[in-house]
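Chemist: Each chain, written out:
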Amino acid sequence: MEQYSGRSKEKMFFAFLAGFLYLLAGSIQFVFSLSTVLDLFPVNSFENGLIGLLFAPSDLIGSLILVLIGSIFLYGLIELRNGLNEGIAYVYVGILISILFTVVYVLVIAGNWMELYLLNDTEICGWDILYDLRPAIYLGILPLCGYLIWRKEFRAMNK
Amino acid sequence: MADNRIRVALTGNPNVGKTTLFNMITGSRQHVGNWPGVTVEKKSGFKMHKGYEIEVVDLPGTYSLTAYSLDEVVARDFIVDEKPDVVVQIVDATNIERNLYLTTQLMELGSKMIIALNMYDLAEERGDKLHVENMEKILAMPVVLTIASDNVGISELLDTVIAEKQKENHHSREIGYGDEIESRIIEVEKVLSQEDGLASRYPLRWLAVRLLDGDENILRKISGSSVALQIKSILESVDIEEYEALMADKRYEVISAMFPQMCERCMTRMTTSDMVDRVMTNKYLGIPIFLALMWGAFELTFSFANPFMVIIEMIFVWLGETAAFYIRPEWLASLIGEGIIGGVGSVFLFIPNIFILFFLLSMLEDSGYLARAAFIVDRVMYKIGLQGKSFIPMLLGFGCNVPAIMATRSIEDRMDRMATIMVVPFISCGARLPIYILFAGTFFSKNAGTVIFCIYLLGILVAVASAKLLRTTTLKGHPAPFILELPPYRVPTLKNSIRHMWDNGSMYIRKAGTIILGGSVVIWLLAALPWGVEYGSEDSFIGIVGHAIQPLLGPLGFDWKISVSLLFGFVAKEIVVASLGVLYGVGDDELALTDSLLADPNMYGITALSLMVFSLLYMPCIAVVGIIKKETGSWKWTAFSVAYGLAVAWLLAFIVFQGGKLLN
Ligand SMILES: Nc1nc2c(ncn2[C@@H]2O[C@H](COP(=O)(O)OP(=O)(O)OP(=O)(O)O)[C@@H](O)[C@H]2O)c(=O)[nH]1
Ligand SMILES: [Mg+2]
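One line per chain: the protein sequences are A and B, in this order.
If you read the first sequence in our numbering, its first letter stands for residue 655, the second for the next number, and so on.
If you read the second sequence in our numbering, its first letter stands for residue 17, the second for the next number, and so on.
Hints were generated in silico from the structure; no laboratory data involved.
Take the hints with a grain of salt, since some may be wrong.
Across the chosen pairs, the derived CB separations fall in these ranges [said to hold, decoys possible]: (1) R395/B x L798/A: 50 to 60 Å; (2) L802/A x R142/B: 23 to 33 Å; (3) F656/B x L798/A: 30 to 40 Å; (4) L798/A x G126/B: 51 to 61 Å.
Every residue gets a Cβ at the ideal spot worked out from N, C-alpha and C, and that includes glycine.
Produce the entire structure from the sequences given, and follow the hints as far as they go.
Modeler: Spelled out as structure tokens, the structure:
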């Protein structure tokens, strides 16, 4: 475990950044999704202002997952700040879970794309890759970088 | 030729790789899983090796020979009563110290023993230094290194088995328990030796040790003999509980003296795996993480499978049309087109979902995560008065309820076990998945994954709530505390996941080709007869049956077609979808089942939801009823399980449907 301590500054910054971004994106999407579900806005379309910019269509559970990932990172940050080295485990798990969900959403896109290709009616549905783009996908780039940087430590995890 | 046959028992602590080794030796495919308590029955297989016919028996894992739960009794009785020629103890090389406890007990039995030091790949990776020769010398038995999952060391192990069998004389180590206990052991031994029958069946010293160790099973074994009374009076004169503790202490003492010579650097330390567990089992984050992962699995099961379903659907629609076009006479075309292709096809359609779901579940299981899930849920369940050990059978239930109910044998407490058997049928098995996919996919398109996830969750909730209800009424009692040993995290192997997926998927395909095929033909017949009626109309037999039971299910929003499909679903739950496929006549109007359902004026989202809830809960299929009878040994409980399921299903579906109607 000693090997980690030198790097914990980096990890704290990382946990803060990732935690903040996921929590922010998740909360915005959650509020939006909730208002759609409760019918507060008339239109449920992803072109709507901020939501359109974030590619965050109404997706209650998806937004909760973003919040969850954000909380895992922030929990780790708090533990690290309190001098608990185990906080690093939260960063690892956060990275793994966020990558996992990036993969899930990418596979969903792949599935939709294949389906439409098979049915051959791209025009009818007006499907666009942007339609399926989710915060979990582009936010996933950050944990992916984290994984690549700390690759070696992840391998050590399986021992 | 009796000399050519060797009987070998595989024993060891839970989750050390016994079944993996068994599968490798015999080429069979028993279930392997990364958590303790997977195997609950003994299974045997054969292997020819160097001219010997070796019978290998895989046993449930056990921590000691003092058996508490049913599966441990199976393991202990086999070794003690059936006397295999050679006992192989599989030892987890990463956890030698703990595994040695069983070794010290097995040694006392005096049978020929071999240690298979398994998972040494993991031990080496961790940097442990194993001293095999020292281990052999100290324990006075051969030690073979194996990696069961990679087929390493298997043939050496079999060589050693043969060599050991051929060995003429054999002596095993004994543990000294100190003067006081030793003198008692001698005293008991002397009494036991007066009964001829006992000495020929069991080593007397072992019997004496077990008796002084307070082993009730052994006490029962000798209760019929002439010396039983004498033994009882000796046992009453000593403090058995104190002896039990003293003897266990002695064993641990011996172990801690032996251990450092067997392995250097094998110390227990806070590994990254322990650190990760702090996150996964975190008080606040544990359950959300569990839910999130499960949701991800269902989302993928639904979305990613879609294109493959489209392909299969196209094939079957084409087949149906072709049949309708070319085959004469017309009734034969209808049998093949509507009956067989419609019925079997609508079940085949869901093969991609089944494969994907089981692939994902086996990844979660293999990685060691599902055992953590059991741990997290245990905490919640214990708080509400249930035993968390019930959760492992429930997890197995996602595949099929039958093995899940068998797995309850690992639950020691009888009340707990009965309660668990009663609630396992609420766990959604693979056969129910097609119903959800069909209806959620048709009526909730974009949110289908989430709807299916919620249905699974509802199953778990109803199971837990029912168990609570049972435990506070008929099956009163306190839950036994549950100690779950968390298996290590591992990177799931593609090989294992694919095999697991294939095992479950091929079972589904086999069923489609047999029961479902037969069921579809029967339903077609009922729909086409009596001769001359319009196919599938209200005047056909099936229409008559459907109308007879429809009033019961009408309040849930079901028409006669759905009612009758549910009725036949008792045989196997896939039949619900198959018979809808037959009744909605897929081949006939060239529409896929989804389109026919959407076109049906009686079907709404709320009906679909009510139907999903009802199918989830209503009644275990016939195979499950059979296993419930077998495991509980009581018709009363079996009948209760069916009646209770129907009542709960009806009530919840009623609430969903009527409530939904009110809201609309
Ligand atoms: N790395 C590694 N993994 C192994 C080895 N042997 C078994 N495993 C894994 O260990 C886990 C447990 O294997 P099982 O064969 O089910 O264990 P078991 O002893 O039969 O368990 P119970 O039936 O519950 O008592 C599985 O995930 C296997 O894939 C090995 O030699 N090396
Ligand atoms: Mg096993």
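Chemist: Please go over all the hints and tell whether each is borne out by the structure.
Modeler: Hints and how they fare:
Against the hinted window of 50 to 60 Å, the Cβ-Cβ separation of R395/B and L798/A comes to about 33 Å, which falls outside the hint. Our hint of 23 to 33 Å for L802/A and R142/B holds, since their Cβ atoms are close to 25 Å apart. Between F656/B and L798/A the CB atoms are about 53 Å apart, so this pair departs from the stated range of 30 to 40 Å. Distance hint check: the CB atoms of L798/A and G126/B are about 59 Å apart, consistent with the given range 51 to 61 Å.
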